[in-house]
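Trainee: The primary structure of each chain is shown beneath.
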Amino acid sequence: MYPYISITPEDEQEMLKAIGLASVDELFEDIPEEVRLNRDLDLEESKSELEVRAYLRELANKNCSLDQMTCFLGSGAYDHYIPSVVNHIISRSEFYTSYTPYQPEISQGTLQYIFEYQTLICNLTGMEVSNASLYDGGTAIAEAALMAAAVARKKDVIISKSVRPEARRILKTYAHIQDLNIIEVDIAEGVTDLEKLKSLVNDDTAAVIIQSPNFFGLIEDLEEAAKIAHKGRRTSFIASVDPISLGILKRPGELGADIVVGEGQGMGIPLSFGGPYLGFMAANKDYMRKLPGRIVGQTEDMEGKRSFVLTLTAREQHIRREKATSNICSNQGLNTLAATVYLVTLGKEGLREVALQSTKKAYYAMKKLTESGKYKPLFNKPFFKEFALTSDIEPEVINKKLRDENIIGGYDLGQDYPQYKNAILYAVTEKRTKAEIDRLSSILEGI
Amino acid sequence: MAYDKLIFELSKEGKKAYRLPPLDVDDIDVEELIPEEYLNKEELDLPEVSEVDVIRHYTNLSNKNYGVDTGFYPLGSCTMKYNPKINEDMSRLEGFVNLHPLQGEDCIQGSLQLMYELEKALCEIAGMDRMTLQPAAGAHGELTGLMIIKAYHEKRGDSKRNKIIVPDSAHGTNPATAAMAGYKPIEVKSTDKGIVDVESLKEVIGDGEDIAGLMLTNPNTLGLFEKDIVEIARLIHDAGGLLYYDGANANAILGRARPGDMGFDVVHFNIHKTFSTPHGGGGPGAGPVGVKEHLVEFLPTPMVEKDGDRYYLDYDYPNTIGKVKDFYGHFSILVRAYSYILTMGRDGLKKVAETAVLNANYLLSQLKDDYYLPIDTLYKHEFVLGGLKGDNLEATTLDVAKRLLDYGFHPPTVYFPLIIREALMIEPTETESKQTLDEFAKAMKEIAEEARTNVKLLKEAPHNTIVRRPDEVKAARNPVLKYEG
Amino acid sequence: MSVLKDLYYTKDHEWLRVEGDEAYIGITDFAQEQLGDIVYVELPEVDDEFDKDEAFSAVESVKAASDIYMPVDGVILEVNEELVDAPELLNTDPYENWIVKIEIRDKSQLDELLTSAEYEDYLAEEV
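Protein chains in written order, with this note's numbering: chain A, 1 to 447; chain B, 448 to 932; chain C, 933 to 1059.
Derived by calculation from the structure, the hints in this document are not laboratory data.
Fair warning: there could be bad hints in the mix.
Under the rule of at most 20 Å between Cα atoms (straight-line distance), these lysine to aspartate or glutamate pairs were calculated in the DMTMM-like manner [unchecked claim]:
(1) A:Lys227 to B:Glu484
(2) A:Lys62 to B:Asp754
(3) A:Lys305 to B:Glu650
Going by beta-carbon spacing under 8 Å, a handful of chain C positions derived as facing chain B [unchecked claim]:
(4) Tyr972
(5) Asp1005
(6) Val1007
(7) Pro1019
The structure presented is a predicted model; accordingly, all values stated were derived computationally and were not measured.
The beta carbon of each residue, even a glycine, is placed where N, CA and C say it ideally should be.
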């Protein structure tokens, strides 16, 4: 017997009899002989929990996790603190073993937290509508671009080179299948060259995409970029933002963004070697019936009780089929719950404090690391929690040395930007301490 | 009175659920660091609650949910099997959960080894040569798969192929994905036996010059094995197209048959269906995509490779379709899937398919006296009923579904596939006991009796749930999508 | 199921009421009944140009969505703004509540449309 199979040999015999068959093999007689697998799969035999646990623990121990290392690496995934309540709530199996809430009567728990999530995202970004989330920050940018192109019925999408390189790669993959033209705007001193942007926007522009804080951690002038974008006819201005930064930075909705997307990993979701994370998307009301993904709405039941349902479903693949806004038919469910619990746990004061501490510690680190002059700031612009330093030493050498000291060093910018060879991008969250920063500084000085 | 608060309604000025250590670096005013024009001067529009409030609120919400751990969940094509607890524990091992995706290669050897071994296992199960673990979900896998098919035709300079054939019984995602990938989906009819009509397929293919490929679920959405699959594959390949396997229903054939052996060129698996990872109220899942040798060059990067004892990320695929997702996919979901594959092994996975098929056919045998069975044959993991048997019944499939809620069961998938009227699509999965199946059958029979004698009970159902038939028309006509206070 | 005389019809269940070189377009009683409770009507913009058979609008119910196609080539002169706040008007009276008013580009295309009698026959045959 297997622990997850509840049919006994006796049951099996009774059930076969009820079906009118003599053996289990007869259940598969409709599979043509030539495509039957007449051998065992080349996998190991089944195992006990103890054996599986021992093996996977061995694999996990081959990694050097952040429990043993101090992390100064960010670049799209951040080591923010996750309050204990988050894991306790998402571990409730009424949440994690449930399906998409298609039966509202027995899914009010899921539907309500998504409604709360939509509210929190709208309030945080200053937008009017939010969907129930998308796969991650990268695909959220791509989905936003496709939506903007569909709304404007145009093909040109302009994106700044200061947007995270991996997100731009995903956009290119998506753009290819829809025949969109991706036009990249250059950067000047680490931020989008707005003069260049001005020269590129015209009536063929479906969307302009800017990330702020951008890949280098620098704060972009979203307000000015939005004005430029809106010179185009029916051009959508898409802002990709770090939700934690909205603890102190102006809301993109007030700066002229039409669509706001971003990576929500920082909101209570562990690093988990890259996923699953959380893509969020919020927009002006004009886009409400074009948004990809699920949306929850408030309504009343037969007795007039407040209740929640999946709504505006005519946008979605199971009704629209080939005319759907997107083919997406899931959201990040449990991670949406994690972000919801995170945001309400931090609340009005907490999110601001996380943002402030991250910024102040990042500025302290920048000052400390550049004191001796051995490492210089790559840019001289306001930033949020990440900054780039350059030196004569190769990033590989620096990061190897830090690794030996149980520190995860920053991101080697030369990988994506040949012009920034020997530049490293450091991330500092509220979790880092003065002692850790000072230690990083002294090791760097010793290289 | 059931709990009915929103978190915002618990908010009170001054409450806190969170505390940070005091700032231990120079406390410089933020205005001196960041120019004021960028700073938000207003208070954040977030609630103020205590930790006790948070825990009580979301615990109360969880009590309004129904999960696999609560009871039977016979949703057709969703494979709501039990989610083993060891998988959850394994995904939360420190070495997996607290790992940054961009750490140096020597720091991530355990994760890379896991991905490498999982890819090998999934390839063996699917009968494919290589697999990308990057796609985030089934729909994302479909999109990735069609991108690969597109890249294959493009590399051959075969630019006329702009159509993807999809059966009329297909899940709505198939045509939606085809359209998103820039193809025109064209429908092929099913026979009255519920499988692809080969003659109709020949007509749809025509001279074949514009056919990029065919998307097929096998067993299909009716729960039937496409017995003409070899012929179908030959027709598509002869026309120069490729075959895409939608793995939504792979649970039925584990260890018994493999898409690769049936002639499919591209395959995706729904990890959250076949490989037992939780549905999480709608996600996250994972949708790895496998390909045969001739398509390996187009896979998204990076792939995990092995050199001696060292595992590494390989970006050297000049013809790759590019990246489809951030980093390497839904890693912690993949850990759960590998834990499941190790637990079940080659013998257990085969037993999964056998029991899933046994359970489906047994449950069908218990229901067909009271419910209309449009196609009476051997099914695989699921079957589709056509509503209540009998003439002039007022009760619809929706009423049956809502009444089931009163009996404490999650209803089956309803009104899908579209080719069956009043469809009730039932997939019990292998994890359910005979007792559970019998209890469900008994409830279904009682409901059928009620439909004949006291239809009001069905029409006004559910009677015992915390809310009853929320008004979807109102929700869509006057959308209220956030709390306005 | 009502079918009004003196209107033109299409097999996609649109009607067309011609007034000189202009025409009103809506959906038929049959169409609204098939869709069920209509919750949203997507409207084009004035001055948008569409070819015959091009989708210019979409009508959504909770369980279905349907594109509305141009019966003839035309330019949008007016859209029925009332439908924005009250899409259910299409359920209450589909013939009274038009969706758009257009300028017909080529009146000869009217000959290809169905008369009320032909549309009634079509409904009888197809449904």
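Trainee: Evaluate each hint against the coordinates.
Mentor: Status of each hint after checking the structure:
1. Straight-line distance between C-alpha atoms of A:Lys227 and B:Glu484 comes to about 16 Å, which keeps the hinted pair within the 20 Å bound.
2. As the CA atoms of A:Lys62 and B:Asp754 are separated by approximately 17 Å, the hinted pair is consistent with the 20 Å bound.
3. A hinted pair counts as satisfied when its Cα atoms are at most 20 Å apart, and A:Lys305 with B:Glu650 does not qualify at roughly 53 Å.
4. Interface restraint check for C:Tyr972: the shortest CB-CB distance to chain B comes to about 7 Å, inside 8 Å, so the restraint holds.
5. The beta carbon of C:Asp1005 is not positioned within 8 Å of any beta carbon in chain B (closest approach about 23 Å), and the interface hint is therefore violated.
6. Hint status for C:Val1007 relative to chain B: violated, with the closest Cβ pair at about 28 Å, above 8 Å.
7. Because the beta carbon of C:Pro1019 sits about 7 Å from the nearest beta carbon in chain B, less than 8 Å, this interface hint is met.
Of the numbered hints listed earlier, those contradicted by the structure are 3, 5, 6.
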